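> Heads up: the sequence lines are chains A and B, in that order.
According to the working numbering, the first sequence holds residues 1 to 383 in order.
According to the working numbering, the second sequence holds residues 1 to 234 in order.
FYI, nobody ran anything at the bench for these hints, they're computed from the structure.
Since we're looking at a predicted model, the values are computed, not measured.
There are no misleading hints in this set.
With a straight-line cut-off of 25 angstroms between C-alpha atoms, the simulated BS3-like cross-links for lysine-lysine are: (1) Lys128(B) <-> Lys2(A); (2) Lys59(A) <-> Lys73(A); (3) Lys2(A) <-> Lys14(A); (4) Lys12(A) <-> Lys128(B); (5) Lys2(A) <-> Lys129(B); (6) Lys147(A) <-> Lys124(A).
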Amino acid sequence: MKYLYLIFSSLKRKKLRTGLTILSIMVAFILFGYLTAIRQAFDAGVEVAGADRLIVRHKVSLIQLLPQSYEEKMERIDGVDNAVHSTWFGGIYQEPRNFFAQMPIMPEELFDMYPEYVISDEHKAAWLENRAGALVGRGLVDRFGWKLGDRIPINATIWTKKDGGRTWEFDLVAIYDGAEKGTDTSQFFFRYDFFDETRAMGEGLVGWYTVRVADPDRAAEVAAAIDVEFANSATETKTEPEGAFIQGFANQIGNIGFIIMSIMSAVFFIILLVAGNTMAYTVRERTNELAVLKAIGFTDRGVLGLVLGESLAITLVGGLLGLGLAWGLVSMGDPTSGSFPVFYFPAGDMFVGLALIVAMAFVAGIIPAMQAQRLQIADALRR
Amino acid sequence: MTELNTDNSLVRVSGVDKVFKRGSEEIHVLGGLDLEIPNGEFLALMGPSGSGKSTLLNLVGGLDRPSEGTVEVGGKRIDKLSERRLAAWRARHVGLVFQFYNLMPVLSAQKNVELPLLLTRLSASERKKRAAIALDIVGLSHRAGHYPRQLSGGEQQRTGIARAIVTDPTLLLCDEPTGDLDRKAGDEILDLLQALNKEQGKTIIMVTHDIHAAARATRTLYLNKGQLSTSPVD
Numbered sequence: 001m002k003y004l005y006l007i008f009s010s011l012k013r014k015k016l017r018t019g020l021t022i023l024s025i026m027v028a029f030i031l032f033g034y035l036t037a038i039r040q041a042f043d044a045g046v047e048v049a050g051a052d053r054l055i056v057r058h059k060v061s062l063i064q065l066l067p068q069s070y071e072e073k074m075e076r077i078d079g080v081d082n083a084v085h086s087t088w089f090g091g092i093y094q095e096p097r098n099f100f101a102q103m104p105i106m107p108e109e110l111f112d113m114y115p116e117y118v119i120s121d122e123h124k125a126a127w128l129e130n131r132a133g134a135l136v137g138r139g140l141v142d143r144f145g146w147k148l149g150d151r152i153p154i155n156a157t158i159w160t161k162k163d164g165g166r167t168w169e170f171d172l173v174a175i176y177d178g179a180e181k182g183t184d185t186s187q188f189f190f191r192y193d194f195f196d197e198t199r200a201m202g203e204g205l206v207g208w209y210t211v212r213v214a215d216p217d218r219a220a221e222v223a224a225a226i227d228v229e230f231a232n233s234a235t236e237t238k239t240e241p242e243g244a245f246i247q248g249f250a251n252q253i254g255n256i257g258f259i260i261m262s263i264m265s266a267v268f269f270i271i272l273l274v275a276g277n278t279m280a281y282t283v284r285e286r287t288n289e290l291a292v293l294k295a296i297g298f299t300d301r302g303v304l305g306l307v308l309g310e311s312l313a314i315t316l317v318g319g320l321l322g323l324g325l326a327w328g329l330v331s332m333g334d335p336t337s338g339s340f341p342v343f344y345f346p347a348g349d350m351f352v353g354l355a356l357i358v359a360m361a362f363v364a365g366i367i368p369a370m371q372a373q374r375l376q377i378a379d380a381l382r383r
Numbered sequence: 001m002t003e004l005n006t007d008n009s010l011v012r013v014s015g016v017d018k019v020f021k022r023g024s025e026e027i028h029v030l031g032g033l034d035l036e037i038p039n040g041e042f043l044a045l046m047g048p049s050g051s052g053k054s055t056l057l058n059l060v061g062g063l064d065r066p067s068e069g070t071v072e073v074g075g076k077r078i079d080k081l082s083e084r085r086l087a088a089w090r091a092r093h094v095g096l097v098f099q100f101y102n103l104m105p106v107l108s109a110q111k112n113v114e115l116p117l118l119l120t121r122l123s124a125s126e127r128k129k130r131a132a133i134a135l136d137i138v139g140l141s142h143r144a145g146h147y148p149r150q151l152s153g154g155e156q157q158r159t160g161i162a163r164a165i166v167t168d169p170t171l172l173l174c175d176e177p178t179g180d181l182d183r184k185a186g187d188e189i190l191d192l193l194q195a196l197n198k199e200q201g202k203t204i205i206m207v208t209h210d211i212h213a214a215a216r217a218t219r220t221l222y223l224n225k226g227q228l229s230t231s232p233v234d
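Produce the entire structure from the sequences given, and follow the hints as far as they go.
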């Protein structure tokens, strides 16, 4: 502790240079926080996906529909505990940029299949009573400032109504919250029976099934059994774990994790050069002072520690400012107005950030610190 | 760290050679040099540039090691100490005063003087107290909060002396302490060194080019071509 003022005093020597270095490090860590939140947005569904849940879709593609009658057949397969179907509605609320997922679903089965959706008994009862009722996630409600009792018009892009109309109107009767931070609360559910009776086409067809297996250890075996059940039928299936399904969905954009890691690696490499350059100059300019410190009794290791301490101080100030600002900016919410329903800076990644700060301090400072450690007093005093 | 044995000679340099290598060339700065300095002496070392004065000072202060021979201070062979032990020895027993002061520009006079005390186990308040005493001895109490750039050359050198004496070392090594000062400021520094020698019994070795400064010492030795003599060599 007694050396702290010595370390921080040294940082005041070239205020502009120190300030610019700290600023560079800060920007790098803001980027780290933001990119981490974006990666989290893509991974969120995968992380909360149940290990005991499978997704069954048409073998050809996700947009091909499956018969609703498959549900009963699936539930008869050994190892299947429950099967629930969903369908992509793909409607627009007011304007296309207001994107969010809307899905007709069997209300009684929803909460059994998705325990991560938390809803009060009162809201549940209200939804079961209202055929045109909608169950909406808290995040979506907050995003549009909706409240219970609101009538929400959704303009269909796929599912026209039997009367030829495209505008479907739903009553907001229930709101769900997420049991975990990563739970998607940006979804809009409505009742399948209302949807099936009102749509002009596709009666009795659904988008995909979510299947819960009784024993997660048998998930692969059950998935194979489901696909065998419907093999050689008009609508063959492809069954995979829910996590893999969501990951595959995200990977349509690209390998997000790899892209983000590449960007972060490039940024940190450049910042490492900046910080390393600053430390190298710091030592070179102070050869004489460091020699004096040694002359009055500081050991070689002591001088090494001082230089590393300065490196740590610079990266710590910049890094903590960056992480703090990143946390603040990410806390302001999804910057894309809906594309990232789950957008937050995970606490675990905050610790990764702290570890990166220490690592950066060490790598940037170790070579100049070793040069300072090896200084010969008599030689250095003559310079 | 044990106290130095000051019963006989405080410093004993025996048969010391110092060779510097510059590329393939070897430069012999000191050759078979012997020197004894009694405790409490104020020794002036004179000689032309490049004669090895500062090199000898560095060897006695444990800032460098001889190529051959031995250096004993207070009965202890310092040329055989490890780097870590030698650093601790310097911190405890040697005070250094430099021609160009070598103060930390980002630290106040008070903090500069406290620097050697960081290596001790003294509390912050005790360090502050001792630094204040050292600054008082050199007559700079009123400038304790000033930074080196706010001090005159003489005041900076007095701060340097305060830093050198704050740990109460046995030996003060001064490398041209008045070399960067005008006559008046130089005289004040010499007065101070004399007082430290006479009143506090500090053993002082002072390298200087200035006959006027050397006259303040109790003994003057001349170094030329790596050899010591009691009279200047033409």
